[in-house]
Amino acid sequence: MNMENMVHLPENLIVSILTLLPVKSLLRFKSVSKSWFSLISDPHFATWHFENDAALAHRFLYLPPPFSYDSQARCVELDSSLNTHSDHAVKNTSFLRPTYSNIKGSCRGFLLFLHHDSYFYLWNPSTSVYTKLSFLIDSTNVYAFKPNSFYGFGYDASRDEYLVVVLTSCDPEDDLTTYHYVEDFETHCGFFSLKTNEWNNIEDTHLPPYINVFGGVGMVLNDSIHWLALRSDVPKNIVLAFNLMKRSFFEVPLPAEDCNIIPGCCDLCVLGGFLSLCVSGYNVIDIWVMKEYKVVSSWSKSIVVYVDELPIKCHYFYPIWSTKNGDIVGINGGKCLVKCNAKGKVIEHYMYCDDLRGCEAAFYKESLFSY
110 MNMENMVHLP ENLIVSILTL LPVKSLLRFK SVSKSWFSLI SDPHFATWHF ENDAALAHRF
170 LYLPPPFSYD SQARCVELDS SLNTHSDHAV KNTSFLRPTY SNIKGSCRGF LLFLHHDSYF
230 YLWNPSTSVY TKLSFLIDST NVYAFKPNSF YGFGYDASRD EYLVVVLTSC DPEDDLTTYH
290 YVEDFETHCG FFSLKTNEWN NIEDTHLPPY INVFGGVGMV LNDSIHWLAL RSDVPKNIVL
350 AFNLMKRSFF EVPLPAEDCN IIPGCCDLCV LGGFLSLCVS GYNVIDIWVM KEYKVVSSWS
410 KSIVVYVDEL PIKCHYFYPI WSTKNGDIVG INGGKCLVKC NAKGKVIEHY MYCDDLRGCE
470 AAFYKESLFS Y
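So for the sequence shown, this note's numbering puts the first residue at 110; every next one is plus one.
Bear in mind the hints are in silico, worked out from the structure with no lab data behind them. Ideal Cβ positions, reconstructed from N, Cα and C, are used throughout, including at glycine.
Taking lysine-lysine and the DSBU-like style, the derived pairs with C-alpha atoms no more than 30 Å apart in a straight line are:
1. LYS454 x LYS400
2. LYS200 x LYS241
3. LYS139 x LYS200
Computed spacing ranges between beta-carbons, pair by pair:
4. GLU418 x HIS315: 41 to 47 Å
5. THR193 x GLU401: 33 to 39 Å
6. TYR402 x HIS315: 21 to 27 Å
7. LEU129 x GLU401: 29 to 35 Å
8. GLY324 x ASN201: 24 to 30 Å
9. ILE123 x ALA365: 50 to 56 Å
10. VAL405 x LYS133: 39 to 45 Å
11. ASP269 x TYR228: 23 to 29 Å
12. SER195 x ASP162: 18 to 24 Å
13. SER237 x SER144: 20 to 26 Å
14. ASP342 x LEU130: 49 to 55 Å
15. GLU307 x ASN331: 23 to 29 Å
16. LEU136 x GLU366: 43 to 49 Å
Please put together the full structure from these sequences, using the hints given.
As structure tokens, this is what we get:
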């Protein structure tokens with residue numbers, strides 16, 4: 110169909126068609142006409158497009174460690190077969206080098222990076238747009254980087270506002286971060302708003318000390334950010350959560366059944382829209398799914414993956430995505446992508462990293478969002 114005929118199409122039909130297209134195509138189509146440029150650049154269109162899950166591509170981005178012979182960030186298309194080796198270099202990543210970057214969150218197509226434990230970058234790999242946040246974590250700040258800090262990134266739909274959330278519990282004198290010193294701990298929490306460009310402390314004196322012995326990234330689900338944590342005043346392992354709309358913390362129970370939740374052997378994830386827990390045992394990896402949010406009895410062991418089945422024979426397997434047909438895609442040994450079926454059988458894999466140190470990596474869905 111030529112452009113002369115295209116201009117007579119109803120606008121709502123054009124919008125419906127465009128929301129079915131991937132981000133890469135839409136960015137190219139901005140040059141078709143001024144009206145298309147305005148439409149595709151409209152924040153409302155970005156929301157319509159993101160809500161149409163059929164149009165979204167699911168990506169796995171990995172970043173080699175500092176001083177690697179190949180320092181280029183790369184991306185794998187998870188919607189394709191892993192056997193196709195469909196990875197490609199990601200453009201405009203100079204802000205990530207040469208300093209070391211930790212990925213601290215993923216939400217609505219954005220990735221949150223913490224550089225040198227001091228400052229944050231927010232980046233949309235699909236559009237190559239990034240920004241350095243004005244909030245600086247320095248030695249005079251109560252949130253100065255500590256091994257025990259919890260970081261998260263999420264979106265408050267009620268205020269159309271992106272938040273970077275930080276919580277830390279530590280000894281105010283010696284900065285010790287083990288539960289042996291729990292009686293001296295102080296818990297501080299707050300969030301940085303990208304809308305107001307301001308830091309806000311959360312005055313909640315009732316928060317007990319939480320220890321980030323698991324080191325996981327905050328997972329976004331049901332308008333809340335979730336971390337696996339040790340509540341050291343009890344002590345017990347729990348899911349610590351922050352409601353982005355209410356701006357308050359709460360706890361979600363873990364499975365009542367003993368499932369070997371120890372540091373280095375378990376991770377929190379979101380699979381198929383459900384809060385999930387991956388627990389590594391001696392020769393098996395159990396994936397638990399919470400079918401009814403906040404209901405402890407709804408936890409059930411969903412998938413069992415055997416270590417001998419994995420390409421890298423180690424206990425590290427972290428699920429990142431559940432396909433529509435129930436397959437699980439996960440990271441094995443920090444170097445290999447693995448796809449398993451609902452019975453835990455390995456279907457295919459892709460070795461994306463050959464560095465012994467492994468790669469910093471994250472899962473995200475493509476989006477047109479800006480901030």
